[in-house]
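> Residues per chain, in single letters:
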Amino acid sequence: MTFIDAIDYIGTYAFALSGIKLAASKKFDLFGAFIAGGITAIGGGTLRDLILDLPPFWIIDYSYLLITLIAMLSYIFLGRFFHCITNTLPIFDAIGLAFFTVVGIQKSLDTNIAIWAAIIMGMFTGAAGGVLRDILLNDQPMIFKDDIYATACIVGGIAFAILYSLNIQSFIVQLISAITVFVIRVLALKYKWRLPVMRKL
Amino acid sequence: MTFIDAIDYIGTYAFALSGIKLAASKKFDLFGAFIAGGITAIGGGTLRDLILDLPPFWIIDYSYLLITLIAMLSYIFLGRFFHCITNTLPIFDAIGLAFFTVVGIQKSLDTNIAIWAAIIMGMFTGAAGGVLRDILLNDQPMIFKDDIYATACIVGGIAFAILYSLNIQSFIVQLISAITVFVIRVLALKYKWRLPVMRKL
Amino acid sequence: MTFIDAIDYIGTYAFALSGIKLAASKKFDLFGAFIAGGITAIGGGTLRDLILDLPPFWIIDYSYLLITLIAMLSYIFLGRFFHCITNTLPIFDAIGLAFFTVVGIQKSLDTNIAIWAAIIMGMFTGAAGGVLRDILLNDQPMIFKDDIYATACIVGGIAFAILYSLNIQSFIVQLISAITVFVIRVLALKYKWRLPVMRKL
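Sequence lines, in order, name chains A, B and C. Count the first sequence with the numbering used here and you get residues 11 to 211, in order. Count the second sequence with the numbering used here and you get residues 11 to 211, in order. Count the third sequence with the numbering used here and you get residues 11 to 211, in order.
Simulated from the structure, these hints should not be mistaken for lab results. Please note that the accuracy of each hint is not assured.
Since the list gives no way to pick one copy over another, a pair counts as held whenever it fits inside one copy or between any two copies.
Here are the computed lysine-lysine pairs in the DSS-like style, where the Cα-Cα straight-line distance is at most 27 Å [unchecked claim]: (1) K117 / K202; (2) K210 / K117; (3) K155 / K202; (4) K200 / K155; (5) K202 / K36; (6) K117 / K37; (7) K37 / K155.
Next comes chain A alone, as it looks inside the complex:
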């Protein structure tokens, strides 16, 4: 397991846990919680792969579903301990958001689509899983109202595009882009940044 894998798995775990927590708050059963966790963790990447006509990544590598299962078991059995780390969950979620966005952009560029489309695919990879989770649980998607989330992916994607156009080394581009997403997301949480709300005419 490389360092990159570790980050990927941390992000998957954090995303899955957010779906499982929400499912528990709605009294879903074990199966429902697993699906809610799974769609949060892999839904965004699946949407990206369907649009890019690639096989969904989780069908080739069972790690992602395994991590979702581990997330569910840890939620059930590590209950009390979990309360203590709940405050750190948004940090792991932000790591996942940053990592997924960059993976999504890179995987999209590898299929030769335009850079602006790759930025959108990166945003889907990072943020669409949570939207699909909210649809599945019959909630209004949180990210359309509550705070800066998908917007962090877009800004990180623009950073990627600028550095990419300067022919900077691939790893550096990815790293700076991911840090951009992460920092914006964490600052948005800390200072409660929000986008302007649309006014009804």
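Using the hints provided, position chains B and C relative to the given structure of chain A.
Same frame as chain A, now just chains B and C:
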């Protein structure tokens, strides 16, 4: 029409009818009811085909949409008679669930994906149509809370995998797997089996 | 920009605006409104392209997302002026519906699917964007209850199929089919036509 076709059509009819009944309870119009019936009957297989990058099965063979139409017409015109058979509907639904699961697994294996992924595809084929119906009708998906449904597909899928690994004849594998799904589903209904509910921490 | 492009863009603009208006009424933020507008405008065609295994049209040509952005900016900055033209919006929406339906049918036929399947794809192209918008905003899809919308696409599609089978010139087939959708939609609005509602048994 072979015996297999007959089972396929019975399952499609039962699934479509469940969507149409729900649509009627929400005062959908004829078009809405048709779509609700159609998505229940063909939604799961369509999701499977999109993931496996196959053309959706109902676009090649119009039987499935025709059966959805017949289900709607029978609901409208055979109303009173229908009340009598409503109690048998869950049996037909269980037949559909069992059959769709096995078809989904077999069709997935034919594309050379791993057996664990094929089990998930079988579960999608059987159970995702109902989830898509609930999303479309703006309900919380029933199968995440109420009883054993998708879990029956999973158990039947595991039975399939075990027998398959023993190199047993294909037809026998499919038959036993389908019976497993059917029996679990019917017992779950009769004895009100449920999965444990997630507790909120 | 050809005449055809102009109609395409008018339809996209009208569809996007309907999503943005609904998002504003639910107090979505700028990002949420953009996504709501985008899914209304491009969701139907995207569903069609995924089913037909084509690359989604908006990933090849950024015009559609640009028009969605323009729709959002015009909603924000032209507020008061907008009130005056709100009454004409349904007309533009009907233009979009007619145009998208015909484009969807034609694009589907080019992939050699059967004509009845192409009619359904045309209906998806025209009407599914609004359904996806309603799902995203956690509403019950409007078109299943309120008036004649997708049905206009179906009738226009049948007109297309009849003329197509008579080997009439392609442009004439498309024009008459589009006019059929448009006229039915506008008459349905004016005279409040509705489909019969399903009765609960």
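> Now tell me, hint by hint, if it's right for this structure.
Hint-by-hint comparison with the structure:
Taking the shortest Cα distances, K117 and K202 never come within 27 Å of each other, neither inside one copy (31 Å) nor across copies (46 Å). Taking CA atoms no more than 27 Å apart as the test, K210 paired with K117 passes in neither setting, with 38 Å inside one copy and 37 Å between copies. Only within a single protomer do K155 and K202 lie at most 27 Å apart by alpha-carbon distance; the minimum there is 12 Å, versus 34 Å between protomers. For a Cα distance limit of 27 Å, the shortest separation of K200 from K155 inside one copy, 17 Å, qualifies, whereas the shortest one across copies, 35 Å, does not.
For a Cα distance limit of 27 Å, the shortest separation of K202 from K36 qualifies both inside one copy, at 26 Å, and across copies, at 20 Å. Neither within a single protomer nor between protomers do K117 and K37 lie at most 27 Å apart by alpha-carbon distance, with minima of 36 Å and 34 Å respectively. Within a single copy, K37 and K155 get their C-alpha atoms as close as 24 Å, and across copies as close as 7 Å, so both meet the 27 Å cut-off.
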